[in-house]
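Here's the letter readout for the chains.
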Amino acid sequence: MSSLAQKKGVGAVIWDYMTTVDHKKIAILYLISGGFFFLIGGVEALLIRIQLMKAGNDFLSAGLYNEIITMHGTTMIFLASMPILLGFMNAIMPLQIGARDVAFPFLNSLGFWLFFFGGIFLNLSWFMGGAPDAGWTNYASLALASEGHGIDFYALGLTISGFGTLIGGINFLVTIINMRAPGMTYMRMPLFTWTTFVASALILLAFPPLTVGLFFMVFDRMFGANFFVVEMGGNTIIWEHLFWIFGHPEVYILILPAFGIFSEIFAIFSRKRLFGYTALVFATILIGFYGFMVWAHHMFTVGLGPTANAIFALATMIIAVPTGIKIFNWLLTIWGGSIKFSVPMVYAVAFIPSFVAGGVTGVMQAIAPLDYQLHDSYFIVAHFHYVIVGGVVLAILAGTHLYWPKMFGTMLSEKLGHITFWTFFIGFHMTFFIQHFLGLLGMPRRVYTFGADQGWDLFNAISSAGAAFMAIGVIVMLINIVITTVKNVRVGNDPWEDGRTLEWAIPSPPPFYNFAQTPLVRGLDTYWIEKMEGNKKGMVYAEPVGDIHMPNGSILPLIMSFGMFVASFGALYFQDDSKPWTLAVLIIGLAILFGAMLARSLKDDLGFYIKKEDLIEDAKRGGNTDGSK
Amino acid sequence: MDLNKRYTAQSWPDHPETATLEGKNKFVGFWLLLAAETITFASLFATYLALRDRGPSGMEFSSSGLFELPLVFAMTMILLTSSLTSVYAIHHMKNHNFKAMQAWLGITVLLGLTFLGLEIYEFNHYVHLGFGYTNSAFSAAFYTLVGTHGAHVLFGLCWFIALMVRNSKRGLNMYNAPKFYLAALYWHFIDVVWVFIFTVVYLMGAIS
Numbered sequence: 001m002s003s004l005a006q007k008k009g010v011g012a013v014i015w016d017y018m019t020t021v022d023h024k025k026i027a028i029l030y031l032i033s034g035g036f037f038f039l040i041g042g043v044e045a046l047l048i049r050i051q052l053m054k055a056g057n058d059f060l061s062a063g064l065y066n067e068i069i070t071m072h073g074t075t076m077i078f079l080a081s082m083p084i085l086l087g088f089m090n091a092i093m094p095l096q097i098g099a100r101d102v103a104f105p106f107l108n109s110l111g112f113w114l115f116f117f118g119g120i121f122l123n124l125s126w127f128m129g130g131a132p133d134a135g136w137t138n139y140a141s142l143a144l145a146s147e148g149h150g151i152d153f154y155a156l157g158l159t160i161s162g163f164g165t166l167i168g169g170i171n172f173l174v175t176i177i178n179m180r181a182p183g184m185t186y187m188r189m190p191l192f193t194w195t196t197f198v199a200s201a202l203i204l205l206a207f208p209p210l211t212v213g214l215f216f217m218v219f220d221r222m223f224g225a226n227f228f229v230v231e232m233g234g235n236t237i238i239w240e241h242l243f244w245i246f247g248h249p250e251v252y253i254l255i256l257p258a259f260g261i262f263s264e265i266f267a268i269f270s271r272k273r274l275f276g277y278t279a280l281v282f283a284t285i286l287i288g289f290y291g292f293m294v295w296a297h298h299m300f301t302v303g304l305g306p307t308a309n310a311i312f313a314l315a316t317m318i319i320a321v322p323t324g325i326k327i328f329n330w331l332l333t334i335w336g337g338s339i340k341f342s343v344p345m346v347y348a349v350a351f352i353p354s355f356v357a358g359g360v361t362g363v364m365q366a367i368a369p370l371d372y373q374l375h376d377s378y379f380i381v382a383h384f385h386y387v388i389v390g391g392v393v394l395a396i397l398a399g400t401h402l403y404w405p406k407m408f409g410t411m412l413s414e415k416l417g418h419i420t421f422w423t424f425f426i427g428f429h430m431t432f433f434i435q436h437f438l439g440l441l442g443m444p445r446r447v448y449t450f451g452a453d454q455g456w457d458l459f460n461a462i463s464s465a466g467a468a469f470m471a472i473g474v475i476v477m478l479i480n481i482v483i484t485t486v487k488n489v490r491v492g493n494d495p496w497e498d499g500r501t502l503e504w505a506i507p508s509p510p511p512f513y514n515f516a517q518t519p520l521v522r523g524l525d526t527y528w529i530e531k532m533e534g535n536k537k538g539m540v541y542a543e544p545v546g547d548i549h550m551p552n553g554s555i556l557p558l559i560m561s562f563g564m565f566v567a568s569f570g571a572l573y574f575q576d577d578s579k580p581w582t583l584a585v586l587i588i589g590l591a592i593l594f595g596a597m598l599a600r601s602l603k604d605d606l607g608f609y610i611k612k613e614d615l616i617e618d619a620k621r622g623g624n625t626d627g628s629k
Numbered sequence: 001m002d003l004n005k006r007y008t009a010q011s012w013p014d015h016p017e018t019a020t021l022e023g024k025n026k027f028v029g030f031w032l033l034l035a036a037e038t039i040t041f042a043s044l045f046a047t048y049l050a051l052r053d054r055g056p057s058g059m060e061f062s063s064s065g066l067f068e069l070p071l072v073f074a075m076t077m078i079l080l081t082s083s084l085t086s087v088y089a090i091h092h093m094k095n096h097n098f099k100a101m102q103a104w105l106g107i108t109v110l111l112g113l114t115f116l117g118l119e120i121y122e123f124n125h126y127v128h129l130g131f132g133y134t135n136s137a138f139s140a141a142f143y144t145l146v147g148t149h150g151a152h153v154l155f156g157l158c159w160f161i162a163l164m165v166r167n168s169k170r171g172l173n174m175y176n177a178p179k180f181y182l183a184a185l186y187w188h189f190i191d192v193v194w195v196f197i198f199t200v201v202y203l204m205g206a207i208s
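Respectively, the protein sequence lines represent chains A and B. Residue numbers for the first sequence follow the numbering used here, so the first one is 1 and each next one is one higher. Residue numbers for the second sequence follow the numbering used here, so the first one is 1 and each next one is one higher.
Simulated pairs of lysine to aspartate or glutamate, DMTMM-like, Cα-Cα distance not exceeding 25 Å:
hint, chain 1, residue 1, chain 2, residue 2
1, A, Lys603, B, Glu22
2, A, Lys620, A, Asp494
3, B, Lys169, A, Asp605
4, A, Lys8, A, Asp614
5, A, Lys612, B, Glu22
6, B, Lys5, A, Asp547
7, B, Lys99, B, Asp2
8, B, Lys5, A, Asp605
9, B, Lys169, A, Asp604
10, B, Lys24, A, Asp604
11, B, Lys179, A, Asp605
12, B, Lys5, A, Asp604
13, A, Lys603, B, Asp2
14, B, Lys24, A, Asp605
15, B, Lys24, A, Asp547
16, A, Lys611, B, Asp2
17, B, Lys24, A, Glu543
18, A, Lys611, B, Glu22
19, B, Lys99, A, Asp604
20, A, Lys537, A, Glu613
21, B, Lys94, A, Asp604
22, B, Lys94, A, Asp605
None of these hints come from the bench; they were simulated from the model. This structure is a prediction, so every number in the text was calculated from the model and none was measured.
With the rest of the complex left out, here is chain A (with noise of 0.2 Å):
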């Protein structure tokens, strides 16, 4: 038996995951946390319609009902939707461009820490005197008027996982710049690659300032500063330019991943090169581009004035046309293709309308006068989740069928899937179309209750039940994955017999090296050209077998994440008299972030190597070992 395959316990099987620095186990991390939170999400989206499900409902307090839509928001964005996508880059990125892993594996294990710890501070507050309650958005002249610690957590929480996902921006950067097979060029990577190359560079130029505009809000909170308190001269609306300065772009740093995830599956499913391949590219790039000119179309109403929202809604309005290309590119894909309605393709081909009709509200919102109408009512909460469920949850929920086997080697059944498709899909129109019109009809957002006189009762009865609807869904996928685990009925490398990228050529799931031999990549879909000439070897290979390098796991990165955890502590209690531990408590963390910051650069970290022989032998065996050593 070969040094490669050992049987672990659960313990070992644990301390693995804390000391992973294996791009694939990491993903799968990312997937379980990002799930984890989502189920919170989900359940507290559940809460708000149960309480707007009839008119002067009293489930749920006005105060609660502000924590509820705060943290439903924020979990939604910041610890699902972003994980769960960070986590299908991580798993698949390095494998599209045949890299045996990512640039910087210690920075993509603390990039994880940091975001679950991020996430689990964020959500303590809910044992520890309360939640958030100023929104997602947080504004400065709410939130700082915010009683308790609520906002604290929020500013603190979201901080720390920021820089976690910065991190994992940086990383994937780096890892589609410098790791490319040879002949991985970049006009044959991809679209998925692409996509979360131009998503990183957003999450690069986005993220730093919502830091500082955190960093703000906890000096204001939590040390005495005034940045944004108007009468010790401060200015509220910098937090509002700062916040969406980064919120716009985060829209497509979430939908840009989304359109890869779809631009795969419309090839793979329709069996045809994805119809204009170069303008899908760059109308990926134009977007990621327009993306950062746009933010103060959130603004409208704050009075910049005529002329900068005249600029913003132009902005605004010309993003339309990139996304617009990629609509018609990805129905030209489909268009004469060999269809096959598994059911991933089912999402995607779902995903093309209801994302449309995000989009089409999306350019009426641009519109500056009519947004002033539209301002903070439920046609703002209709037009977002049509993009964001239409869009990102349907690639989520799509992305996971399709990319199951290849990271767990088993396959989600199409029963159950279609299952799931179709409540999720009725469920999700039932719920926000008829929120446009309540919209019109004048109900505002983030409003705990209505009266029986205003005429919404019917609207949002039935919005509610739509809700249900998605609840059932999703948990017919909990289900599915918990039968498909069990029955455990291995696949081979290309499950879904029509895979075209790099992913499909080896292993599912893919042993820890990825490559046994680096690639050779010979034009765009590779794999589909090598098969197409009938290669019986999967692949032309760029080197002959030879000993392979890895990197060494380490338990550094979860330290690092914890210390900044412990000293966030001390910050949050940082102006309370009553507890005058936290000073100490905020230099202990930061002691631990530091010292073992200085550990890491002190030791010499220079991996381990794989021999020739056990890679033959691997080889043999079907190359499905999971060890790490």
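Use these hints to put chain B onto chain A, whose structure you have.
Same frame as chain A, now just chain B:
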């Protein structure tokens, strides 16, 4: 990577910082990090410009009267010189002259420490004038912008010292050459930010 491999000035590559894949990754990744840092400081500058001279009614401080320009000029010259000495250090790193590199890094650290000491003195002076962190939006924006820069200087100094101490016995190799290079790159970035602080905060403050 073999740490025991011995290099001479002849066998040492022209660009040791990017001679390995790890080095290349660090090089690109660090430039990207500097892009993020640039946005961070841009946000801080924008906030400072929006909140400059803003405070509670009757605030006696303004950017035209508060700052000690001669002191700040001396700090600027010291930091600019330290950037030059770090260039010398990297020049010797590329020539595989470890001792000269350590010497120039030592001078860089001394200059950086002097700068930091003067900055602490400067802040202390302003606080004694009554310009405390919590007194106004102006003071918060000023101390946060300049203080964030100061924190970067402190971090850069710790980084230099850690590298110098860690490698003092074993000299240069392919593993630590990129680290020295990046620390110097970081130091240049800090210097560029200071040039902007000197211009936007101090000089533009004096003529406003």
